[in-house]
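If you're matching positions, the sequence shown starts at 1 in the working numbering and goes up one per residue.
These are computed hints drawn from the structure, not numbers from a lab.
All of these numbers come straight from a predicted model, not from anything done at the bench.
Watch out, some of these pointers could steer you wrong.
[What the hints assert, rightly or not] The calculated PhoX-like cross-link candidates involving lysine-lysine, where the alpha carbons are at most 20 Å apart (straight line), are:
#1 Lys-356 x Lys-404
#2 Lys-404 x Lys-449
#3 Lys-452 x Lys-356
#4 Lys-166 x Lys-140
#5 Lys-490 x Lys-469
#6 Lys-490 x Lys-516
#7 Lys-401 x Lys-452
#8 Lys-119 x Lys-140
#9 Lys-471 x Lys-401
#10 Lys-140 x Lys-188
#11 Lys-404 x Lys-469
#12 Lys-182 x Lys-26
#13 Lys-96 x Lys-140
#14 Lys-401 x Lys-356
#15 Lys-96 x Lys-166
#16 Lys-356 x Lys-385
#17 Lys-471 x Lys-516
#18 Lys-490 x Lys-446
#19 Lys-469 x Lys-517
#20 Lys-26 x Lys-198
#21 Lys-392 x Lys-452
#22 Lys-171 x Lys-160
#23 Lys-449 x Lys-356
#24 Lys-356 x Lys-395
#25 Lys-446 x Lys-356
#26 Lys-471 x Lys-446
#27 Lys-166 x Lys-119
#28 Lys-469 x Lys-519
#29 Lys-96 x Lys-182
#30 Lys-471 x Lys-517
#31 Lys-160 x Lys-26
#32 Lys-401 x Lys-469
#33 Lys-455 x Lys-512
#34 Lys-490 x Lys-452
#35 Lys-160 x Lys-119
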Amino acid sequence: MTRSVNLAISGQAGQGIATVESLLTKALKRSGLNVFASREYMSRVRGGINSTAIRVSSQPVHAFEDRIDILIPLSDEAIPHLQHRMTNNTLVIGEKAFLSMDLLLSFISIEVPFTELAKEIGSILYSNIIALGVISSIFKVERQILHDLIEFTFLKKGDKVIQPNKSAINKGYEIGAELEDKYEILKKFYMNKNPEIKNDLILDGTESIALGAIAGGVQYECFYPMAPSTGIGTFLAQQASKFGLIVDMSEDEISVINKALGASYAGARSLVTTSGGGFSLMTEAISLAGMLELPIVVVVGQRPGPATGMPTRTTQEDLRLVLHAGAGFFPRIIFAPGCIEDSFYLTQKAFDLAQKYQVPVFILTDQYLVDSYYNLPFLNLDSLKNEKFIVKTDKDYQRFKFTKSGISPRGIPGYGEGLVAADSHTHTEAGMISEDPEIREKSVEKRLKKLKLIKDASIPPEFIGDANKIKYQIVSWGSTYYIIKEALDKINRSDIGFLHFSQVYPIHESTKDYLKKAKINIMVEQNPTGQFANLIENEIHIQIDKKILKYSGYTLSVEDIVAQITDAINGGN
């Protein structure tokens with residue numbers, strides 16, 4: 001079982017919590033410790049109450065735990081906000097004003113006057129960096145590592161910013177050393193370090209998807225900023241000149257999707273990033289992609305709805321939206337990455353499959369996945385292939401030629417002599433409008449043939465466990481992968497299996513056999529109705545026996561899953 005220390009830093013938006021998180025996780029990793037971090041924040045620029053959760057361990061850590069071992073409160077709202085995650089063993093390090101509350105009678109506390117110390121350096125703005133120094137000292141991070149990170153982070157701002165921040169780091173280290181001499185409890189946080197971890201990557205879901213798009217040969221990305229997918233567009237914009245791609249932030253989502261389809265028609269590998277509310281505006285154009293057989297990749301970052309909902313919280317409630325988007329029937333592929341690595345490889349694969357089958361490919365992610373990160377070894381680029389599917393047309397070219405496979409040779413304007421027609425009406429093989437019922441039937445059958453090919457090549461679910469021993473099987477999809485995996489490691493029962501889907505449509509044919517192996521299948525989802533459970537029942541015709549559903553907007557934790565699986569197995573609903 002993995003031993004980790006769970007650290008939380010909480011305060012108002014604008015207090016530099018994200019800065020501390022970024023610097024601390026990098027420093028811990030460079031010192032030889034594994035890290036996992038996840039943010040929760042309100043939809044505002046200033047005020048409110050935000051927090052970051054950082055797990056530190058000698059072993060790899062990939063999932064969110066509720067339990068807080070060390071809390072650094074930077075505002076008076078921090079402790080009430082996180083009290084439900086604190087235990088009698090939680091250590092609170094902070095201002096006297098925050099430690100005098102009745103709430104703290106149940107917790108261990110150490111006073112550090114961050115504000116007064118920051119004023120000595122020149123501004124209360126340095127409180128967060130002093131806290132960073134204290135924490136780094138407790139975890140035995142070399143001071144020079146932090147100095148190097150400060151210099152790199154604030155390089156463009158010059159010495160007037162770098163030097164005070166270094167002073168704040170030094171002050172924090174001094175305080176941390178004094179606290180260690182005074183409080184025996186701090187010694188329990190020491191962990192063995194592994195020098196090899198220093199060379200690991202640190203990636204969040206946003207960066208992983210963006211890098212996967214680059215690996216997939218993306219040439220045009222169009223987006224309208226909408227949490228939690230905005231970061232993909234901004235990351236690609238920063239990298240655009242290095243990889244020869246165009247990033248277009250458009251005026252609205254209708255413009256976004258139609259521009260991307262236009263780029264696809266011209267031959268570009270196109271990407272759209274959005275959220276559920278923005279995607280709702282795109283459904284007519286998604287149907288157009290189905291009729292014109294245009295390849296496109298659409299990332300939908302799920303957040304709690306309906307309407308604006310909770311822009312900065314997490315959910316898994318847009319599967320049905322993506323599955324049924326657009327008028328009429330046309331084939332599509334839906335991926336739901338389970339982790340950071342999945343996000344990279346599946347995004348790259350999405351581009352290749354979109355081109356191969358000339359269909360929309362959707363990637364369902366969520367706030368938890370895009371805003372969480374951990375260290376991992378370098379990604380394997382050798383296994384990646386980007387095939388070319390565009391053909392040079394002749395004068396008799398037929399864009400929608402009826403073929404045995406259902407896939408027509410794809411030409412683009414200007415590459416050859418042929419006319420590359422495009423019309424939203426039912427059309428002939430050449431792309432001319434038609435109301436001939438025979439043409440209509442052949443067009444539908446063409447799309448059905450492609451769906452069969454796609455289904456035959458779909459990604460099977462990952463099974464963990466002993467198929468000959470399982471009585472219970474936990475079934476999940478998307479970002480809950482590592483949360484459930486760690487929970488099952490803690491439960492440690494050989495009669496429980498785990499079946500995880502990173503492709504949720506079409507569902508792989510092996511699913512039925514997997515589900516039949518268990519007497520009781522338990523679905524875990526973050527939506528109120530069990531959307532994937534319902535899809536399995538409709539497609540595979542096997543009923544899911546029990547459902548564990550969370551829809552508060554806050555992510556499932558390892559502790560949640562342990563408790564609810566135990567309850568479900570012991571007879572709960």
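Going down the list of hints, with the structure as the test:
{"no.": "1", "hint": "Lys-356 x Lys-404", "result": "holds (15 Å)"}
{"no.": "2", "hint": "Lys-404 x Lys-449", "result": "holds (8 Å)"}
{"no.": "3", "hint": "Lys-452 x Lys-356", "result": "holds (14 Å)"}
{"no.": "4", "hint": "Lys-166 x Lys-140", "result": "holds (17 Å)"}
{"no.": "5", "hint": "Lys-490 x Lys-469", "result": "holds (18 Å)"}
{"no.": "6", "hint": "Lys-490 x Lys-516", "result": "violated (25 Å)"}
{"no.": "7", "hint": "Lys-401 x Lys-452", "result": "holds (18 Å)"}
{"no.": "8", "hint": "Lys-119 x Lys-140", "result": "violated (26 Å)"}
{"no.": "9", "hint": "Lys-471 x Lys-401", "result": "violated (50 Å)"}
{"no.": "10", "hint": "Lys-140 x Lys-188", "result": "holds (12 Å)"}
{"no.": "11", "hint": "Lys-404 x Lys-469", "result": "violated (44 Å)"}
{"no.": "12", "hint": "Lys-182 x Lys-26", "result": "violated (28 Å)"}
{"no.": "13", "hint": "Lys-96 x Lys-140", "result": "violated (25 Å)"}
{"no.": "14", "hint": "Lys-401 x Lys-356", "result": "holds (15 Å)"}
{"no.": "15", "hint": "Lys-96 x Lys-166", "result": "violated (25 Å)"}
{"no.": "16", "hint": "Lys-356 x Lys-385", "result": "holds (12 Å)"}
{"no.": "17", "hint": "Lys-471 x Lys-516", "result": "holds (10 Å)"}
{"no.": "18", "hint": "Lys-490 x Lys-446", "result": "violated (49 Å)"}
{"no.": "19", "hint": "Lys-469 x Lys-517", "result": "holds (9 Å)"}
{"no.": "20", "hint": "Lys-26 x Lys-198", "result": "holds (9 Å)"}
{"no.": "21", "hint": "Lys-392 x Lys-452", "result": "violated (27 Å)"}
{"no.": "22", "hint": "Lys-171 x Lys-160", "result": "holds (17 Å)"}
{"no.": "23", "hint": "Lys-449 x Lys-356", "result": "holds (14 Å)"}
{"no.": "24", "hint": "Lys-356 x Lys-395", "result": "violated (23 Å)"}
{"no.": "25", "hint": "Lys-446 x Lys-356", "result": "holds (15 Å)"}
{"no.": "26", "hint": "Lys-471 x Lys-446", "result": "violated (42 Å)"}
{"no.": "27", "hint": "Lys-166 x Lys-119", "result": "holds (15 Å)"}
{"no.": "28", "hint": "Lys-469 x Lys-519", "result": "holds (11 Å)"}
{"no.": "29", "hint": "Lys-96 x Lys-182", "result": "holds (17 Å)"}
{"no.": "30", "hint": "Lys-471 x Lys-517", "result": "holds (8 Å)"}
{"no.": "31", "hint": "Lys-160 x Lys-26", "result": "violated (23 Å)"}
{"no.": "32", "hint": "Lys-401 x Lys-469", "result": "violated (51 Å)"}
{"no.": "33", "hint": "Lys-455 x Lys-512", "result": "holds (14 Å)"}
{"no.": "34", "hint": "Lys-490 x Lys-452", "result": "violated (40 Å)"}
{"no.": "35", "hint": "Lys-160 x Lys-119", "result": "holds (16 Å)"}
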